[in-house]
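Here's the letter readout for the chains.
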Amino acid sequence: DAGITQSPRHKVTETGTPVTLRCHQTENHRYMYWYRQDPGHGLRLIHYSYGVKDTDKGEVSDGYSVSRSKTEDFLLTLESATSSQTSVYFCAIGGGQGAYNEQFFGPGTRLTVL
Amino acid sequence: DAKTTQPNSMESNEEEPVHLPCNHSTISGTDYIHWYRQLPSQGPEYVIHGLTSNVNNRMASLAIAEDRKSSTLILHRATLRDAAVYYCILRDVTRSGNQFYFGTGTSLTVIP
Chain A
1180 DAGITQSPRH KVTETGTPVT LRCHQTENHR YMYWYRQDPG HGLRLIHYSY GVKDTDKGEV
1240 SDGYSVSRSK TEDFLLTLES ATSSQTSVYF CAIGGGQGAY NEQFFGPGTR LTVL
Chain B
6 DAKTTQPNSM ESNEEEPVHL PCNHSTISGT DYIHWYRQLP SQGPEYVIHG LTSNVNNRMA
66 SLAIAEDRKS STLILHRATL RDAAVYYCIL RDVTRSGNQF YFGTGTSLTV IP
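Taken in sequence, the protein lines are chains A and B.
The C-terminal residue of the first sequence carries number 1293 in this note's numbering, and the numbering is unbroken.
The C-terminal residue of the second sequence carries number 117 in this note's numbering, and the numbering is unbroken.
Keep in mind the hints are simulated off the structure, nothing from the lab.
Hints should not be assumed to be uniformly reliable.
[Claimed, not checked] In silico contact screen, one side only, chain A against chain B (beta carbon under 10 Å); selected entries: (1) Gly1195; (2) Tyr1212; (3) Tyr1214; (4) Phe1269.
[As the list claims (entries may be wrong)] Using C-beta positions, here's what the derived DEER-type ranges look like: (5) His1189/A <-> Glu71/B: 43 to 53 Å; (6) Leu1293/A <-> Pro45/B: 24 to 34 Å; (7) Pro1286/A <-> Ile116/B: 23 to 33 Å; (8) Lys74/B <-> Lys1190/A: 40 to 50 Å; (9) Tyr51/B <-> Arg1201/A: 19 to 29 Å; (10) Thr1199/A <-> Asn59/B: 43 to 53 Å; (11) Ile116/B <-> Glu1193/A: 27 to 37 Å.
Beta carbons: idealized from backbone N, C-alpha and C, even for Gly.
Please work from the sequences and hints to get the whole structure.
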């Protein structure tokens, strides 16, 4: 299994509070991704990173920011959490250019915003 | 990016073959066809991918139509552990950044 961990694995917070989710990899992959998964929507990309300090938006980036100060860590921040951000969040590594670059996913973080 | 269409759900009896269809009528020449699956309470995992020719690996086979507008993931003998959501994804490998659009996939139920 690819070395990807996510923390915390579960979190309950209140509307308006800041939340930071951490993704940590031991595979030295250049590309890292944050997805959210909601019933009826499948997985949707929030942000991705293609190197240290290099990030770009995905299809559902509003209300989220990311940072990558070192290769192994990719942080997802909800500056002011809302109930619509209640979801399961998955981090992934890999991908990038090339047909054989599959993505590997972390175990997910279940976030509940009350 | 080109999108795919899959049935929402399918059922199969244990130890029988399963054919999971995917339509991708707007596929371009640089799109590879990838399949991932997501077991309950886990992140997705890679299954197989191909471009034009049929592909086999230890998990499954991928049959690609001659015009590439559709493909079929084949599980040769379904087991209870194959119960999952299966995603068919088109991936433009000439692009950097995100190429993985998962959609809602097909939820496979395996009946003992």
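Determine which of the earlier numbered hints do not hold for this structure and return their numbers in increasing order.
1, 11
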